[in-house]
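Q: Here the structure of chain L is known, so what remains is to put chains D, V and E in place on it, guided by the hints.
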Amino acid sequence: MSTIITSAPPASAGSKDPGHGGGVDYLNHETSIASWLLTLDHKRIGILYLVAMSAMFVLGGFYASLIRAELITPKGDLMSSDFYNKSFTAHGVIMVFFVLIPLVPASLGNFMLPLMIGAKDVAFPRLNLISWYVYMIGAGFTLVALIGGGVDSGWTFYTPLSTTYLNSNVLLTATGLFILGFSSILTGLNFIVTIHRMRCPGMDWFRMPLFVWALYATSVIQLLGTPVIAITLALVGVERLLGVGIFDPRLGGDPILYQHLFWFYSHPAVYIMILPPLGVTNELISTFSRKPIFGYSMMAGASLAIAIFSFIVWAHHMFTSGLSPYAAMFFSLLTFSVAIPSGIKVFTWLATLFRGSISFDSPMLYAYGFIGLFTIGGMTGLFLSTLGTDIHFHDTYFVVAHFHYVMVGGAIVGFMGGLHFIWPKMFGRMYPEFPARMSAILIFVGFNLTFFPQFLVGYLGMPRRYHEYPDEFQVLNVFSSAGATVLGVGYLLPLLYLPWSVFFGEKAGRNPWGATTLDWTHTESPPTPHNFEETPVVTGEPYKYDTLFNKESALAGH
Amino acid sequence: MSLHPPAKAWTYWANFLALCVLTVVTWLTARMDLGALSTPVALGIAVIKAALVVLFFMHVWESTPLTKLVIAMSLFMLTVLLTFMFTDYMTRNYDVLPPADHAAAAPGKH
Amino acid sequence: MWDFPIWPESASTVAPSVEALYLFIVALNIGITALVFGLLVLFSVLYYRRADDQVPPQYHGSMLLEIGWTAIPTVICLIVFAWGVKVYAELVVPPADAMDVYIVGRQWMWKAQYPGGQREINALHAVVGKPVKLTITSEDVLHSFSIPAFRVKSDAVPGRYTTLWFQPTQVGVYHIFCTEYCGTEHSRMIGKITVMEEADYQKWLSEKAELGDAVQGRKLFAKLQCVTCHAGESQARAPSLEEIHMKRIPLSFDKGSPVAPGATVLADENYLRESIRYPSAKIAAGYQYPSIMPAYDESLVSEDEMFQLIAYIKSLKKGQTPARNEHTTTPTALGAPAGRP
Amino acid sequence: MQVTEKKHAQEAHDDHGHGHELAHHFVSVEQQHDAGNLGMWMFLTTEVLFFGGLFAAYTIYRYKFEKVFEQASNILDPMLGAINTIVLIFSSVTMAFAVRSAQQGKSKAIVAWLGATIVFGGLFLGIKYFEWKHDAQLHVFPTSDFNWTWAREKHSEGEHGGHGHDSHGPELKGYIFNSPVVPANYVESDARNPEAKQAKLFFFLYFSMTSLHALHMVIGFGVMAVIMAYAWNGYYTANYYVPVESIGLYWHFVDLVWIFLFPLLYLLGAHLGAGH
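Residue numbers (the working numbering), protein chains in the order written: chain L, 1220 to 1777; chain D, 149 to 258; chain V, 2 to 342; chain E, 27 to 302.
Think of the hints as simulated: they come from the structure by calculation, not from any bench.
Hints are supplied without guarantee of correctness; some may be wrong.
No more than 16 angstroms apart at the CA atoms, straight line, and that leaves these computed lysine to aspartate or glutamate pairs for EDC-like [what the hints assert, rightly or not]:
1) L:1294 to L:1753
2) E:93 to D:181
3) V:193 to L:1690
4) V:220 to V:305
5) V:283 to E:92
6) V:193 to L:1691
7) L:1763 to V:54
8) L:1294 to V:186
9) E:90 to V:275
10) V:112 to V:305
11) V:319 to V:243
12) V:193 to V:305
FRET-style restraints, in silico, Cβ to Cβ [stated by the list, open to error]:
13) E:245 to V:36: 52 to 60 angstroms
14) D:192 to V:65: 46 to 54 angstroms
15) V:32 to L:1248: 53 to 61 angstroms
16) L:1516 to D:192: 36 to 44 angstroms
17) L:1460 to V:32: 49 to 57 angstroms
18) L:1425 to D:224: 19 to 27 angstroms
19) E:241 to V:122: 44 to 52 angstroms
20) V:65 to L:1690: 53 to 61 angstroms
21) V:21 to L:1691: 21 to 29 angstroms
22) L:1302 to V:122: 25 to 33 angstroms
23) D:176 to E:238: 24 to 32 angstroms
24) V:204 to L:1301: 37 to 45 angstroms
25) D:184 to L:1359: 49 to 57 angstroms
We put the beta carbon where it would ideally sit given N, CA and C, even for glycine.
Bound-form chain L, shown alone (with noise of 0.2 angstroms):
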């Protein structure tokens, strides 16, 4: 971003040298354990969060190593049916709503987002330690419930069977679930209102990163559609507590509206884990080619788009369901709406790359990664919206394949991009750069191994949630478990390198990567504690590498 800054030097673009004299920053300017956990400091928040997140990424994939063990074999041989029951169902529940829906805005959001906007903080920064409180308590209930227990409803709760069939702890993980939704409904309103009012002057809407505007959309997603999630999971609460029919059909309630409420939120929620690693590439694409990104209001609008249509979707879960034929085609009919705005993202990054100059750091890897995952992810959900192939594919192996290849090979293989792009400006290290490297590449390798197999096995009709199945879907099943090994591998990595590096890695400048964005050219590795030492005043677009490289001349030297 061109910027005018009266008084502080010029960012030096490019360089990886120190750029400070190891001065005060936010890392090391209290260091006690209650300067953490009491910290209102958005930068230090989003490594809580980061810390947090990582815990229960471990957990989730440990519940998923033992879900691709046991289906090694076609025989229930590893586990009883109502453990592996209990697995999917945690696989799904921290998966989903502690690693995936906080991940990136939680995060790296929270990191970037008063950066990238030239802000001191976000609007509300107690609010901002609070959610991370709340997600924590939240996680305390859920993991009592997953751990101590077990909970076999599978993570999308459907009634009347967890309202009134199971025995096991489904109050207590709503009760956390419902916690934990006020923690993203938080953050949502906090980063809207940060976007709204914290510009610094001359930031205008059209001035902001496109990650910006993704986190702004994903925001817009949280604040409308957690609400109601939060009112159905109480009601589930209450009717096994009251015994009330609400759902029940014994009872005189409806099971397929238990559905419609579920899945208002919870198709949504797809976007709030795929908005922002989308944002997050657009930054990646656009500095590791130095273009500016093409078309840059029509990528913004596409997230905003993305984020108004994910709400009229919905119904395509249900098209097996009972949903009324008429309801099935027009919501098939508005499922085609969210392709359209998808599609123009990957081909604007393609015409970004288009006679850029490109550099293949392990961001880039990471990005190419994930358009590479979100293309075939993307794609393979056309068969999933037309009405006539999804009646065959529904509930199948095929919907596990294409969801895994948008929520993980989307959201976290984005998510690492941006972490490895950010880890710089987060620690003022760089991370080793061949593990990092290989770890990209493994986990596209792992990744295709693990989940390709599933498409093929889920077209011949292997149902989801299947502790034992048929002889002829052994092979397929096998390839996946071995991909899934591979795919261990590359996320072990980087909890190895990655911590590693915060201590013993080679010193970072201020903007190693030579982006443009307020985030590398005014604030130092690490940041302040108030990130700008004077307000930033913008007058250009973002993304002018020309300037940023003819005006410095910084890496003539280099």
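A: What follows is chains D, V and E alone, placed relative to chain L:
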């Protein structure tokens, strides 16, 4: 200096009076049997009352376009939730099967 | 071990239609994915960074391109949607001459009832070339009845009927799965559908001969004393049920009625079921609200018995309503074999 | 252009930036006020959708079981509902004056008006309490205690006892503090009655919506008490009154919810009662 000049006191009292009158009106109309009209009338009056509260007590009459947009957005989502769900319930019992010769399906024919 | 399928069998009339649509979308997928991956590789080879201070030309957009990659996918999506609806219509609308089979799901088995009264657990038999319409419900939680080889699937929803139909095209044995997670033994809620030639099927049917559903329903109709009010000739207390199935019934419109004046309802299986469970829900014109008929819940009429009653009502012809005093009809008197295996 | 903006921001900072009035991360009191105001509106948006889930369930079941819902609604007393509506609207007026006092920087007036709001809110809850008490005696509480057959019978007896629309029948008066026991034959006739199930759904929605509404009011009381304490100490000024304005918006929202609950729950079956 004040951030916002306060509204005139009489507007609040006038608003209160209007809301009371509307409450009595909705109660009286509900006691009449209006048939299919009763719900639209009751909800219509409720919407007018809500608009009065939002516009004058909550000062949206003189607030920024952004506040209005926020309200519009939440109402839009509420409408989507209520109406789109209704597309299912309204069309559920419709006859998607063509009227067919069901004698063929009678038992004992095969 | 290496002999494994990646293509499911295609054994019903709708399967090829689904398959054609599937292949079309597969082609689209491959085409667009190849385009994206190809361009990624091509651009990487052509435009890798050659010098640290290299600054490429800065483009900001092209209206033409942007409109293009919005409009073209929109058109493609509309084509796919329309084709999908066409196939869907094939999947949901059964032919008029389909044979009725009733399916009840429960944790964790599928119970099937044939019109002739034959029953099976986790198994189904069908004839090559003969359409079958399944009417599905559940006794407890949600289940989903799926036959991948036929490309059909429908959830079993407690408290409601859903339907699916198929017409097998080749002899064989195919999987039946429950695809909606339904509790501990979900993965054991599987079965087999055997498709046979007509002659084999008739042989199988006669071996499994039981009392027909409609015959059983007739017994229930007497036992539950339905006949006292639904007397056929006298309609003072309740409407006649003769030939009521799939007729449009005018509904009662009195004070405060939820239905609009002149509203009608199609007397399909769901309506018949609702009228037995909740008689006051939709009352036929000419009768008072609330209904004088008692409600028959699951403890009085099980889902299996409900199917028998409905089968009987569907079979009821003009003037065939039994006399009111005919409370104890023996099976032999109706010409059906005595006793049940 | 950018320079002037920055100057303006600096000025604002110099003029008002003292004490608690301006948090460190805001540039000006205007920015701080607008952020707080927008935040509250965003919060109310989530509240709309939170209640929206219940309204959606209500809409669907009302559509499915319209007749029974009307009869069930007829058990409730529209007169009490109307009185409560006016009481709550009046508490909205006092709240509006509390915010007005805050805009004028009159601390003691804030305390007085908020006190009045709590009094009238309390009156609303008091009336609500007696309604619920009466409902419990009619056995329409949606638990195992629920008995629709009995409730209908007792309700119509009360009506024909010459009390007009007032549903407090004479024989119920003696039961203010302990509910009458429902005879076994009523329990039996209710068990198989599908309309009883549907009426139970209505009362479940009635109790969950009104109690969620009441819970919001109680939370509001707590926040108001804290704000009153701060206001008493002169914490709010004409430049800093976001908390007062926010509780005002919140309270008006609570009022809004009731404005819709009143016709949806109380007035559905009012014409049935009038017909008797």
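Q: Determine for every hint whether it applies to the structure shown.
A: So, going through the hints one by one against the coordinates:
1. L:1294 to L:1753: Between residue 1294 (chain L) and residue 1753 (chain L) the Cα gap is close to 66 angstroms, so the pair fails against 16 angstroms, i.e. violated.
2. E:93 to D:181: Between residue 93 (chain E) and residue 181 (chain D) the Cα gap is close to 14 angstroms, so the pair holds against 16 angstroms.
3. V:193 to L:1690: Answer holds: residue 193 (chain V) to residue 1690 (chain L) is near 14 angstroms, not above 16 angstroms.
4. V:220 to V:305: Roughly 14 angstroms separates the two Cα atoms, so the pair holds.
5. V:283 to E:92: holds (11 angstroms)
6. V:193 to L:1691: holds (15 angstroms)
7. L:1763 to V:54: holds (14 angstroms)
8. L:1294 to V:186: Roughly 13 angstroms separates the two Cα atoms, so the pair holds.
9. E:90 to V:275: Holds - the C-alpha atoms of residue 275 (chain V) and residue 90 (chain E) are around 12 angstroms apart, at most 16 angstroms.
10. V:112 to V:305: Judged against 16 angstroms, a Cα distance of about 9 angstroms means the pair holds.
11. V:319 to V:243: holds (5 angstroms)
12. V:193 to V:305: Cα-Cα ~21 angstroms, so violated.
13. E:245 to V:36: 52 to 60 angstroms: holds (55 angstroms)
14. D:192 to V:65: 46 to 54 angstroms: holds (49 angstroms)
15. V:32 to L:1248: 53 to 61 angstroms: holds (55 angstroms)
16. L:1516 to D:192: 36 to 44 angstroms: holds (40 angstroms)
17. L:1460 to V:32: 49 to 57 angstroms: Given a distance of about 53 angstroms, which is inside 49 to 57 angstroms, the answer is holds.
18. L:1425 to D:224: 19 to 27 angstroms: holds (24 angstroms)
19. E:241 to V:122: 44 to 52 angstroms: holds (49 angstroms)
20. V:65 to L:1690: 53 to 61 angstroms: Distance hint for residue 65 (chain V), residue 1690 (chain L) holds at roughly 55 angstroms.
21. V:21 to L:1691: 21 to 29 angstroms: Distance hint for residue 21 (chain V), residue 1691 (chain L) holds at roughly 24 angstroms.
22. L:1302 to V:122: 25 to 33 angstroms: holds (27 angstroms)
23. D:176 to E:238: 24 to 32 angstroms: holds (28 angstroms)
24. V:204 to L:1301: 37 to 45 angstroms: holds (42 angstroms)
25. D:184 to L:1359: 49 to 57 angstroms: Holds: the Cβ-Cβ distance is about 52 angstroms, inside 49 to 57 angstroms.
Going down the numbered hints, you'll see the structure goes against 1, 12, while the others check out.
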